[in-house]
Structure formats: C-alpha cells, structure tokens
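So the protein lines, in turn, are chains D and C.
All letters in the first sequence, in the order written, are residues 32 to 134 by our numbering.
All letters in the second sequence, in the order written, are residues 149 to 376 by our numbering.
Derived from the structure by calculation, the hints contain no laboratory data.
One or more of the hints may lead you astray.
In silico BS3-like cross-links for lysine-lysine, where the CA-CA straight-line distance does not exceed 30 angstroms [as the list claims (entries may be wrong)]:
hint: 1; chain 1: C; residue 1: K370; chain 2: D; residue 2: K112
hint: 2; chain 1: D; residue 1: K62; chain 2: C; residue 2: K150
hint: 3; chain 1: C; residue 1: K245; chain 2: D; residue 2: K112
hint: 4; chain 1: D; residue 1: K112; chain 2: C; residue 2: K150
hint: 5; chain 1: C; residue 1: K150; chain 2: C; residue 2: K266
hint: 6; chain 1: C; residue 1: K247; chain 2: C; residue 2: K266
hint: 7; chain 1: C; residue 1: K370; chain 2: C; residue 2: K245
hint: 8; chain 1: C; residue 1: K266; chain 2: D; residue 2: K62
hint: 9; chain 1: C; residue 1: K245; chain 2: C; residue 2: K266
hint: 10; chain 1: D; residue 1: K85; chain 2: D; residue 2: K112
hint: 11; chain 1: D; residue 1: K62; chain 2: C; residue 2: K370
hint: 12; chain 1: D; residue 1: K62; chain 2: D; residue 2: K85
hint: 13; chain 1: D; residue 1: K85; chain 2: D; residue 2: K132
hint: 14; chain 1: C; residue 1: K150; chain 2: C; residue 2: K245
hint: 15; chain 1: C; residue 1: K150; chain 2: C; residue 2: K247
These stretches of chain D come out as covered by chain C in the derived footprint (C-beta under 8 angstroms, 3 or more residues) [what the hints assert, rightly or not]:
hint: 16; stretch: 62-76
hint: 17; stretch: 86-96
hint: 18; stretch: 110-123
Beta carbons are placed, not taken as given, at the ideal position from N, Cα and C, and that holds for glycine.
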Amino acid sequence: MKTAVLITAMSVTTILLRALPFLLFRRRTPKYVTYLGRVLPPAMIGLLVVYCLKDITPGIRPYGIPELIAAACVVIVQVLKRNSLVSILAGTVIYMVLVQKMF
Amino acid sequence: MKMRTLRQAFYRSIPVLAGYVVLGTGFGILMRDAGYGVLWTAAMSIFIYAGSMQYVGVGLLSGGASVLTAAITTVMVNARHLFYSISMIDTYRDSGKYKPYLIFALTDETYSLLCDGKTPEGTDPELYRFLLSLFNQSYWVAGSVTGSLIGGVLPFSTEGISFSMTALFIAAFTEQWLTAGDHVPALTGVLCTFFCLVLFGREGFLIPAMLLITLVLTLLRKREEGRI
Numbered sequence: 032m033k034t035a036v037l038i039t040a041m042s043v044t045t046i047l048l049r050a051l052p053f054l055l056f057r058r059r060t061p062k063y064v065t066y067l068g069r070v071l072p073p074a075m076i077g078l079l080v081v082y083c084l085k086d087i088t089p090g091i092r093p094y095g096i097p098e099l100i101a102a103a104c105v106v107i108v109q110v111l112k113r114n115s116l117v118s119i120l121a122g123t124v125i126y127m128v129l130v131q132k133m134f
Numbered sequence: 149m150k151m152r153t154l155r156q157a158f159y160r161s162i163p164v165l166a167g168y169v170v171l172g173t174g175f176g177i178l179m180r181d182a183g184y185g186v187l188w189t190a191a192m193s194i195f196i197y198a199g200s201m202q203y204v205g206v207g208l209l210s211g212g213a214s215v216l217t218a219a220i221t222t223v224m225v226n227a228r229h230l231f232y233s234i235s236m237i238d239t240y241r242d243s244g245k246y247k248p249y250l251i252f253a254l255t256d257e258t259y260s261l262l263c264d265g266k267t268p269e270g271t272d273p274e275l276y277r278f279l280l281s282l283f284n285q286s287y288w289v290a291g292s293v294t295g296s297l298i299g300g301v302l303p304f305s306t307e308g309i310s311f312s313m314t315a316l317f318i319a320a321f322t323e324q325w326l327t328a329g330d331h332v333p334a335l336t337g338v339l340c341t342f343f344c345l346v347l348f349g350r351e352g353f354l355i356p357a358m359l360l361i362t363l364v365l366t367l368l369r370k371r372e373e374g375r376i
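In isolation and in its complexed conformation, chain D is listed as follows:
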C-alpha cells in the first residue's frame, strides 16, 4: 500500500512538472516564453551532452579517452553522413570495443 502511494506521488509530481508550462501559457504565450522556446532547445542539448560526460575523470585512468574517441567519431560521422542512426551506432560500437577490449 505504502509502495502504491509513493509511486503515485512520484507519478503525479512528474506529470505536474511536465504539464505546468502548458497549463500556464494555454491562451497566449508571452513573447519572452516564445523566445525561450526558440533558444532553450539547443542550449539544453548542450547541457545534456555535458551531463552525460560528467563522470569522466581526466586525472585517473582511462582519462576519459574512450569517451573522447567515441564522441569525436559520432561528430565526424554525423558531419559526413547527416544520419543520426549511423553516427550513434558507430560511436556506441567503438565505445563498447574500447571499454571492453582496450581500457
């Protein structure tokens, strides 16, 4: 019972966070919010990239080298092919080989 109540609390809170901006700005979106809607996505993607790489330890083996190589590979393949699936696959496979066989 306690478990169900806690899960409900987490569920409702998450839903409220996701829905709140939509409820607040239902009629007219203020210009400032529209501006944020335009500039936040690229900034947030940048944030998520840094967030994913936060556990790299530059001072300790393997010094984040597998992450750097794999990340560079994703960027290069994306620039050349402009296909996210291909670049993500290439980066992930290279990363798995690096952490399992080399580092």
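Got chain D; can you put chain C on it based on the hints?
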C-alpha cells in the same frame, strides 16, 4: 502516409531503443534486488516514466520515504522537465488528442528527438510525434520488465552500451549545430553547464546550470532587442 509515418517514427526511435532497453533493464534489476516484483516495476515505468527519477525512486521505496520526501525529491530530480515543456509549447500547440500523452511522455531522449520541431517529409506530424513517444516508452517498459524478470543473466557483455544515450545527444547537438545559423544558444548551454559542473560538482550542478542558462539567454535577449 500512415505506414510511412509509422516507419519513420520507428526508424528515428532505434537509437533510443538500444539505450532504453539497457537502462530500463538496469532499473528492473535494481527493483528486483530491492525486493519489488515485476508489477511494481512495470507500474513505475508506465506511470512515472522518468529514467533518473525511477533509479532514485528505488531508494525512496526501499528506504520507506514519506510522501512529502518523495514529492520534493521528484521536483528536484525532474525540474528540468519544466524547461523542456516551455520550449515545446508551440510545437505541441495543435497536437489535439495526442497532446496529453505527448506532454506526459516528454523524457530527455524524446525531447532531444522532437525539440527542433521538424518531422520527416511525407509524414503526419502529430501522429509521428505520438508514435515516436509511444515507441520510446514501450522500449523503457519492455526493458524494465525484462530486467525484473531475468536479472543479470545475459550471454554477452553489454558494458558500454549505455553510451548510445550520450551518442544520441552528441548527434543531436552536431546536427543542430550544422543547421542553425546562430550558435550562441548551443554554446551558452555547453559553457554554462561546464561552469556549473566545475563549481558545484557532479551531484548538484544540473539545476544551477539550467537557471544560469536561462539567465544568460534572458540577458542576451535584452541585448538583442537593444540593438534592434
């Protein structure tokens, strides 16, 4: 057009498939180790559907946290969703019957696939967004249930496969960099986050980073207006 929409939504969701099945399985294993059965695991993945929050939630459940603690922790861990939603207001404006689900299912990964507002050529945009969101959640639920049922028994090493999530964000970042004329927002995001990571450490930098990004972008807008 429906078939094409379905195919495109599935095709674009494949990177998330790999990541969610792995991360979901990890969550299922955690729940199993904490003594919770497959139904609780499925319930969390269906009704909460927020990756990092569910990982934290395992601790809340097994530690017997109060409802208030659970709610406050959720706000702390998931506050970033406010920012995602703000930037999706216009994109989801005309989503009609799909809108409630689209808002509910706006995870980091789904956001990163839909936030540019573009949809593949020759597809129904609203249906595309709905199917993509639904596919992503089904991978998450499938992964968690699998983890809960089979535990840690796999025939090959999957170490490092969760890099697919990182790769997904890097690819999205690169693609928007190539298409955007203005690189200031992207640079603001990276630099502010890195600054906060150094300043606050890896446990508590996410919310400060979001606030700093919003502040810097707000100041930049003033400057932009001043020029015009």
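Against the structure, the hints:
A distance of roughly 38 angstroms separates the Cα atoms of K370/C and K112/D; the hinted pair therefore is violated under the 30 angstroms criterion. Proposed proximity of K62/D and K150/C is contradicted: the alpha carbons are some 35 angstroms apart, above 30 angstroms. At roughly 36 angstroms between alpha-carbon atoms, K245/C and K112/D are farther apart than 30 angstroms, so this suggested pair is violated. With a C-alpha separation of about 27 angstroms, the suggested pair K112/D and K150/C falls inside the 30 angstroms cut-off, and the hint holds.
Restraint check: the Cα-Cα separation between K150/C and K266/C comes to about 17 angstroms, which is no more than 30 angstroms; the hinted pair holds. Under the criterion of a C-alpha separation no larger than 30 angstroms, the hint pairing K247/C with K266/C is consistent with the structure, at around 17 angstroms. Among the hinted pairs, K370/C with K245/C is inconsistent with the structure: their alpha-carbon atoms are about 37 angstroms apart, more than 30 angstroms. For a cut-off of 30 angstroms, the pair hint linking K266/C to K62/D stands: about 21 angstroms separates their Cα positions.
For the hint linking K245/C to K266/C, the alpha-carbon distance of about 20 angstroms falls within 30 angstroms, and the restraint holds. Our distance criterion of 30 angstroms between C-alpha atoms is met by K85/D and K112/D, whose separation comes to about 27 angstroms. This hinted pair checks out: K62/D and K370/C have alpha carbons roughly 12 angstroms apart, not beyond 30 angstroms. For the hint linking K62/D to K85/D, the alpha-carbon distance of about 34 angstroms lies beyond 30 angstroms, and the restraint is violated.
The hinted pair formed by K85/D and K132/D meets the criterion: a straight-line CA distance of about 23 angstroms does not exceed 30 angstroms. With a C-alpha separation of about 17 angstroms, the suggested pair K150/C and K245/C falls inside the 30 angstroms cut-off, and the hint holds. For the suggested pair K150/C and K247/C, the alpha carbons sit about 19 angstroms apart, so the restraint of at most 30 angstroms is met. Interface restraint, the stretch 62-76 of chain D with chain C: holds (14 residues with C-beta to C-beta distance below 8 angstroms; minimum three).
Residues of the stretch 86-96 of chain D lying with their CB closer than 8 angstroms to a CB of chain C number 1, which falls below the three-residue condition for coverage. Coverage of the stretch 110-123 of chain D by chain C holds. Counting CB-CB distances below 8 angstroms, 9 residues qualify, and the rule asks for three or more.
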